Amino acid sequence: MDLKKYIESGILEDYVLGLTSDTDNKEIEQNLVKYPKLQKELNQIEDALATYAQSKARPMPEGLSAQIMQSIDDLATQPTAQSDTSTSAAKPQATLSKGTNTLGIFLGLALAGALLGSYFLNTQKQDAQQQLAVSQTEKQELNDRFLAFQLDCEEKDGTILRLQEQIDIFRNPDYRPISLKGTDKAPNTESIVYFNAKENKSYFDIRNLPTAPSDKDYQLWAIVGGVPTDMGIVNLSNGLVKVDHIGDAQAFAVTLEARDGNPAPNLDELYVIGNV
Amino acid sequence: MSTTINPDLSMIRQLKSGDHRAMAAILDKYGDALYGAIYQIVKSDDIAKDLMQDASIKIWHNIKSYDEQKGRLFTWLLRVCRNTAIDKVRTGKFKAIAQSKTLESTVSNSVSHSEEMNIPDSGLQQVIQRLDEKYQQVINLIYLQGFTQAEAAKELDIPLGTVKSRIKIAIRELRAILGDNPLLILAVITSLLIVLIK
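Note that the protein sequences, when read in sequence, are chains A and B. Per this note's numbering, residue 1 is the first one in the first sequence, and the count goes up by one each step. Per this note's numbering, residue 277 is the first one in the second sequence, and the count goes up by one each step.
Derived by calculation from the structure, the hints in this document are not laboratory data. Take these hints with a grain of salt, some might be off.
[As the list claims (entries may be wrong)] The list that follows gives simulated cross-link-like pairs (lysine-lysine, DSS-like), each with its CA atoms no further than 27 Å apart:
id	chain 1	residue 1	chain 2	residue 2
1	A	K201	B	K430
2	A	K156	A	K125
3	A	K198	B	K340
4	B	K292	B	K340
5	A	K201	B	K292
6	B	K346	B	K334
7	B	K444	A	K139
8	A	K4	B	K319
9	B	K334	B	K319
10	A	K181	A	K216
11	B	K340	A	K139
12	A	K216	B	K292
13	B	K305	B	K346
[Unchecked claim] Output of the computed footprint for chain B on chain A, the stretches with three or more beta carbons under 8 Å from beta carbons of chain B:
id	region
14	59-68
15	206-212
16	246-252
It should be emphasised that the depicted structure is a prediction, and the values quoted were computed from it without experimental measurement. Ideal placement from N, C-alpha and C gives every residue a C-beta, glycine not left out.
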């Protein structure tokens, strides 16, 4: 495996942030065990983020720490308290074996009956407890599935909203499509900025630019008074995306830059450009 | 910062063997940071207190499922706390309140909050302040509050691609800022001294 590429893909950052899927997590965790270099990298990401979290700390309210420790102590002592009662309950039975023959037999039978009864009741209670535990697990599972379903729905809602938004853009005459034509680097290509001066909104569709090498990203620029202004990274996979609206832009351009972009464009790598 | 030696190893071992003192040590070392994350999600000390208690009990019960090879203890602890708080926020009643909160109040909350708090680590805060606000926003939402990238894009009203690139730049910058910083070393020494004096 190309570790450098793997690290650069940003998957470890996503893993720490909890953005990776369960399947990804399994694979990442296997790789972490296999490659110490990955673990070192992971730890550095984690340490940086942990320091960030420390900088955003909020002092716990007074007494909270003690309160937490108290409940943990209580939890830890509970099981021993239960076993104490069960041993003390067994004691009185031993004293009952004395007495006259008939009374002894009678009492013995009665005791046997009582023990049998309590055994029966106890088994029933245990069954009921087990059933309760099972239904609680089932409830938890259903709850988890419901949450997952809810998230799924929210995601789908998001997709529908995005599609609706796109349709609105295409149908709205206030959006003026500005064509960015391919340079010699990428002849016969075209990207489009949808420019809405009325509502101060812009969208960008990268369309058919060639796939960027894995160590590079396309970056969008607005030219204002001859000076390029960074409008962020644009990926082929994103389709139509909302971008900052730069009202006084005279032109828009896309260049191929180092991964995650650069503060100023590399004009040798100009791919498309178009005037407003 | 660049070491792979786990600084929490003895604490983890103690905790896994059921030693209560390790839990107190965790609260001492990370409690305020974890509480800060929970507070950012629920925006109420009353609720955050209960959730911190719930999360601590989960930590105590589930510490055996934490695997050192899968990452730092703090990442795991934060995940437990974040999930506990998010579960609470997702309950119907809470959701209505949470949804009415705008990002503005989130940001102003966290700003006014850091002013009102007496954090001994003001040196550390100063260092982190060097990270541009727009990068702090994505890290706050995703790392501390457990937003998905799509949710963060919606909340900040920026394209998803921008969220993704900001995350990467933010972590890269953070590592660069923290990598070799005299102010930070000073901050760490100060906090160590404070712990010792206590």
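Tested hints:
no. : hint             : in the structure
1   : A:K201 to B:K430 : holds, 15 Å
2   : A:K156 to A:K125 : violated, 46 Å
3   : A:K198 to B:K340 : violated, 59 Å
4   : B:K292 to B:K340 : holds, 6 Å
5   : A:K201 to B:K292 : violated, 55 Å
6   : B:K346 to B:K334 : holds, 19 Å
7   : B:K444 to A:K139 : violated, 39 Å
8   : A:K4 to B:K319   : violated, 40 Å
9   : B:K334 to B:K319 : holds, 21 Å
10  : A:K181 to A:K216 : holds, 21 Å
11  : B:K340 to A:K139 : holds, 24 Å
12  : A:K216 to B:K292 : violated, 45 Å
13  : B:K305 to B:K346 : holds, 21 Å
14  : 59-68            : holds (count 7)
15  : 206-212          : violated (count 0)
16  : 246-252          : violated (count 0)
Of the numbered hints stated above, those contradicted by the structure are hints 2, 3, 5, 7, 8, 12, 15, 16, listed in ascending order.
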